[in-house]
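Those sequence lines, one after another, are chains U and E. First residue of the first sequence: 2, per our numbering; consecutive thereafter. First residue of the second sequence: 35, per our numbering; consecutive thereafter.
These aren't lab readings, by the way, just hints derived from the structure by calculation. Every residue, glycine too, gets a C-beta built ideally from N, C-alpha and C. Please note: incorrect hints may appear among the correct ones.
Claimed, not checked - Stretches of chain U that chain E covers, calculated by requiring three or more beta carbons in the stretch to come under 8 Å of a beta carbon on chain E:
#	region
1	43 to 54
2	94 to 108
Stated by the list, open to error - Sample of chain U residues at the chain E side, in silico, Cβ under 8 Å:
#	residue
3	E27
4	V61
5	N64
What the hints assert, rightly or not - Counterexamples of contact, computed for chain U against chain E with all Cβ distances above 12 Å:
#	residue
6	P15
7	R69
8	S87
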Amino acid sequence: SQTIHQWPATLVQPVGSPLSLECTVEGTSNPNLYWYRQAAGRGLQLLFYSVGIGQISSEVPQNLSASRPQDRQFILSSKKLLLSDSGFYLCAWSRPGEETQYFGPGTRLLVL
Amino acid sequence: DQQVKQNSPSLSVQEGRISILNCDYTNSMFDYFLWYKKYPAEGPTFLISISSIKDKNEDGRFTVFLNKSAKHLSLHIVPSQPGDSAVYFCAAVSDSSYKLIFGSGTRLLVRP
Chain U
2 SQTIHQWPAT LVQPVGSPLS LECTVEGTSN PNLYWYRQAA GRGLQLLFYS
52 VGIGQISSEV PQNLSASRPQ DRQFILSSKK LLLSDSGFYL CAWSRPGEET
102 QYFGPGTRLL VL
Chain E
35 DQQVKQNSPS LSVQEGRISI LNCDYTNSMF DYFLWYKKYP AEGPTFLISI
85 SSIKDKNEDG RFTVFLNKSA KHLSLHIVPS QPGDSAVYFC AAVSDSSYKL
135 IFGSGTRLLV RP
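Produce the entire structure from the sequences given, and follow the hints as far as they go.
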């Protein structure tokens with residue numbers, strides 16, 4: 002069976018500090034991978050998606066970036082965090098050609 | 035411009051009764067629709083989906099209805115249980131896109 006992991010679960014970071022959130026998927030090959038953010042009281046907003054190693058599409062211009070160094074690894078980064086980057090970050094995966102996405106447990110980020 | 039709308043932010047239902055969660059969309063290119071359930075501080079869990087070639091899909095206590103002419107879908111939960119208390123998101127996607135468009139969610143409370 003497939004599983005998706007995210008870490009850390011919770012992160013408190015000062016403004017201006019860097020960020021690295023990691024997501025890994027097990028039990029599948031060549032998945033599509035996604036990063037979402039859920040701000041407080043809001044829906045889920047797609048930030049990035051990837052259909053393969055090194056292939057990243059950005060949905061929303063911002064100070065975040067994503068990378069996919071390995072087939073089942075997806076990383077969300079920032080060089081300098083802003084207060085507005087606080088939120089709940091979710092990684093998801095889907096099988097190529099399929100619509101259903103499966104989400105990880107999420108990382109709660111608080112920027113102070 | 036919200037392409038997927040969940041106009042009821044919350045819903046309260048007695049245990050054993052039916053819960054009906056509604057979702058409206060504006061983009062006629064959407065051809066696949068999904069419902070997710072989310073507990074606080076956790077990732078969304080996929081519940082049920084429906085293709086635009088159908089008007090109903092059933093899985094146990096969960097049934098999704100699609101009315102394409104009205105651009106409306108609904109999730110019925112029968113009978114409702116206290117463990118169903120969570121936030122429910124509907125999402126839509128078109129065949130030409132990887133991007134799930136989420137509604138803002140409806141918080142369901144099932145009272146014992």
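Now for the hints, and whether the structure bears them out:
1. Check result for the region 43 to 54 of chain U against chain E: holds, 7 residues qualifying (beta carbon to beta carbon below 8 Å, three or more required).
2. Evaluation of the coverage hint for the region 94 to 108 of chain U: fulfilled, as 9 residues show C-beta separations to chain E shorter than 8 Å, against a requirement of three.
3. The criterion of a C-beta within 8 Å of any C-beta in chain E is not met by E27(U), whose closest approach is roughly 15 Å, and the hint is violated.
4. Below 8 Å, beta-carbon pairs count as interface contacts, and V61(U) has none with chain E, the closest being about 11 Å; its hint is therefore violated.
5. With a least beta-carbon distance of about 21 Å to chain E, the hint placing N64(U) at the interface is violated under the 8 Å criterion.
6. Here P15(U) stays apart from chain E, with its beta-carbon at least about 22 Å from theirs, past the 12 Å limit.
7. Every beta carbon of chain E lies more than 12 Å from that of R69(U), the smallest distance being close to 14 Å; the non-interface claim holds.
8. Residue placement check: S87(U) keeps its beta carbon more than 12 Å from all beta carbons of chain E (closest about 14 Å).
Of the numbered hints given earlier, the model fails hints 3, 4, 5; all others are met.
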